[in-house]
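Chemist: Here the protein sequences line up with chains X and U, keeping their order. Per this note's numbering, residue 1 is the first one in the first sequence, and the count goes up by one each step. Per this note's numbering, residue 1 is the first one in the second sequence, and the count goes up by one each step.
FYI, nobody ran anything at the bench for these hints, they're computed from the structure. Treat the hints with caution; some may be incorrect.
[Stated by the list, open to error] When the alpha-carbon atoms are kept at most 27 Å apart in a straight line, the in silico DSSO-like pairs for lysine-lysine are as follows:
1) U:Lys-212 x X:Lys-249
2) U:Lys-13 x X:Lys-157
3) X:Lys-251 x X:Lys-199
4) X:Lys-251 x U:Lys-264
5) X:Lys-251 x U:Lys-68
6) U:Lys-103 x U:Lys-13
7) U:Lys-264 x X:Lys-249
8) U:Lys-46 x X:Lys-220
9) X:Lys-50 x X:Lys-251
Since we're looking at a predicted model, the values are computed, not measured.
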Amino acid sequence: MKLLVCIKQVPDMESKFKIDADGVWYDRSDLAWRMNEYDEFAVEQAVQVKEATGADLTVLCIGPEQVKETMKKALAMGCDRGVHIADDQSHRRDPYQIASLIAAFAGDKGFDLIFTGMQSQDRGSGQVGVMAAELLGLPAVTTIVGFALAGDKITVKRELEGGVKATVEATLPALVTCQLGLNTPRYPTLPNIMKAKKKELLAVAAADLSPADALLQTVKLTFPEKKGGGVFLEGDVGEVADRLIRILKEKTSVLA
Amino acid sequence: MKMLLVAEYRQKKLLESYTELLAFAGQFGADCAMFLVGDGAAELPKFAGKLYLADVATFGEYNPDAHKRLLLDVVAQEQPEMIVLSHSSYGWDLAPRLAAGLKAAQVSEVVAVDDGRLVVPACNAKLRRTVSGTGAVTVATLQAGAFSLAEAAAGSPEVIAVTGEGQGRVALLGYEAAEHGGVDLTKSEVIVSAGRGVGKPDNIPLVANLAKALGGEYGASRPVVDAQWVEHNRQVGTTGLTVAPKLYVACGISGAVQHLAGMKKSEFVVAINTDRDAPIGDVADVFAVADLKQLLPVLTEKLQAL
Ligand SMILES: Cc1cc2nc3c(=O)[nH]c(=O)nc-3n(C[C@H](O)[C@H](O)[C@H](O)COP(=O)(O)OP(=O)(O)OC[C@H]3O[C@@H](n4cnc5c(N)ncnc54)[C@H](O)[C@@H]3O)c2cc1C
Numbered sequence: 001m002k003l004l005v006c007i008k009q010v011p012d013m014e015s016k017f018k019i020d021a022d023g024v025w026y027d028r029s030d031l032a033w034r035m036n037e038y039d040e041f042a043v044e045q046a047v048q049v050k051e052a053t054g055a056d057l058t059v060l061c062i063g064p065e066q067v068k069e070t071m072k073k074a075l076a077m078g079c080d081r082g083v084h085i086a087d088d089q090s091h092r093r094d095p096y097q098i099a100s101l102i103a104a105f106a107g108d109k110g111f112d113l114i115f116t117g118m119q120s121q122d123r124g125s126g127q128v129g130v131m132a133a134e135l136l137g138l139p140a141v142t143t144i145v146g147f148a149l150a151g152d153k154i155t156v157k158r159e160l161e162g163g164v165k166a167t168v169e170a171t172l173p174a175l176v177t178c179q180l181g182l183n184t185p186r187y188p189t190l191p192n193i194m195k196a197k198k199k200e201l202l203a204v205a206a207a208d209l210s211p212a213d214a215l216l217q218t219v220k221l222t223f224p225e226k227k228g229g230g231v232f233l234e235g236d237v238g239e240v241a242d243r244l245i246r247i248l249k250e251k252t253s254v255l256a
Numbered sequence: 001m002k003m004l005l006v007a008e009y010r011q012k013k014l015l016e017s018y019t020e021l022l023a024f025a026g027q028f029g030a031d032c033a034m035f036l037v038g039d040g041a042a043e044l045p046k047f048a049g050k051l052y053l054a055d056v057a058t059f060g061e062y063n064p065d066a067h068k069r070l071l072l073d074v075v076a077q078e079q080p081e082m083i084v085l086s087h088s089s090y091g092w093d094l095a096p097r098l099a100a101g102l103k104a105a106q107v108s109e110v111v112a113v114d115d116g117r118l119v120v121p122a123c124n125a126k127l128r129r130t131v132s133g134t135g136a137v138t139v140a141t142l143q144a145g146a147f148s149l150a151e152a153a154a155g156s157p158e159v160i161a162v163t164g165e166g167q168g169r170v171a172l173l174g175y176e177a178a179e180h181g182g183v184d185l186t187k188s189e190v191i192v193s194a195g196r197g198v199g200k201p202d203n204i205p206l207v208a209n210l211a212k213a214l215g216g217e218y219g220a221s222r223p224v225v226d227a228q229w230v231e232h233n234r235q236v237g238t239t240g241l242t243v244a245p246k247l248y249v250a251c252g253i254s255g256a257v258q259h260l261a262g263m264k265k266s267e268f269v270v271a272i273n274t275d276r277d278a279p280i281g282d283v284a285d286v287f288a289v290a291d292l293k294q295l296l297p298v299l300t301e302k303l304q305a306l
């Protein structure tokens, strides 16, 4: 069995964002980068399937040179090899273009199961996985919080609103998009980090995979208007606590 | 502008969210048709226009292959410039299938319309992107609650029955109800919630003790529940509880839209966060820029001494 997991490198969401010179994306300098949170669950699930079945697991990531750092984490978590689709323009591509790159790479590889995160933390479009499946002609199930594989069938739980879940079945080959809480992503151990350094990391140029034309254009990136009205309390915690208690006494009835 | 609105039917009920699609279409003064896989004998959307209705008994509540095919047929007939769905577990699953099938741009989680262009959040709502599709048709999903009708929806639709191939490669086997039982947070007047900023399970008592000192209960954001530091019946947000206490204290919670959806109706909101720019600031009446590990014990002690 052959498995593929697709991951993205994103900035830490606690970063102070700046808008880049073109005004259509955030400035990529001076940011701390990490694996997209949703993808950690995808990698973990793929590694669990690999461990249970002896399947071969490839991790794919699209982006500039720096994404290799994030790929190393996936390799240290247990992926067998990495495929880096080298693309300095990946942050400017729309989800359809990204999906077209994944589909172009995966098209003739015969993957039985493809895992992606349900969305990225920066763009949050939630489109890439499903679009890649459509381009590859595979069934796809989104937002999974439970996964079981038996023979060539997967039984997954989809998370719906309000904590309701739907149990859904599909036959391989298939693609699933992973939601938070699907499993407990492992921390790479030191020996596995060392081993990961020796794993194969292939590079493919994005241009060689002929990405589709963009369908979506970003006109501008802006900061939302601060809804405001809120009072900021800063400084010594004792004073902050006193001021907060005073406000609660004035503005609410909970301390009455 | 011509729009096709996709209503939803789940667990044998029409979802109210179709009214949000109507509110959005209203902003464009659009000429609308609606699509629903539902039950013609049950409640139908209150809408005076064409309703393309496929029978849920044949096409199922979740059968993306079949729903996609049905919709593509309707799109071919109606030739809408925009196809609009809710950004829900149904909508975000179906929309990219339509977009890929039509080779159309998809715009996810629209929060506003700016000069006819669509605005979506980025980076946990710290940024906003204004986008536009480059082709003849665009598929859009709307953030839950972002658009609402000023007046109740009215009218009855002209039903056009649609049918086609019912088969799909993904089969819905059944539903599982949300876990309930134990504490009922929705009854509490004060809720103090723990977010990922608590850092480790050992810090949950800091939050629980503050809740107790304020005479309330403690809740949590999703990552804290996923990590099993707190039980699911205390999770606030779209996939947990919707609460509206007199006081909500968010400790180490960034304020993701799915969390805000569960607590933004609270009467008074206090945020305790080290990141001044955290989007929880949008709903906070008071924002204490502080490390919760330092502030919570001091605050709790002072409250106990009152
Ligand atoms: C379909 C779907 C459904 C979802 N449903 C829900 C839901 O029901 N409920 C929910 O909560 N989420 C839900 N989420 C997840 C949501 O998108 C966010 O990932 C989640 O709310 C983030 O939780 P958080 O704010 O605790 O963590 P983070 O976003 O990681 O934020 C942690 C915050 O803590 C602050 N912090 C760090 N250290 C400290 C410190 N020492 N002192 C003070 N502050 C500190 C940081 O500045 C940061 O703002 C859902 C997501 C999806 C896609």
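Chemist: All the hints need checking, so say for each whether the structure fits it.
Modeler: Outcome of the hint check:
no.	hint	result
1	U:Lys-212 x X:Lys-249	17 Å, holds
2	U:Lys-13 x X:Lys-157	21 Å, holds
3	X:Lys-251 x X:Lys-199	60 Å, violated
4	X:Lys-251 x U:Lys-264	17 Å, holds
5	X:Lys-251 x U:Lys-68	51 Å, violated
6	U:Lys-103 x U:Lys-13	31 Å, violated
7	U:Lys-264 x X:Lys-249	21 Å, holds
8	U:Lys-46 x X:Lys-220	36 Å, violated
9	X:Lys-50 x X:Lys-251	56 Å, violated
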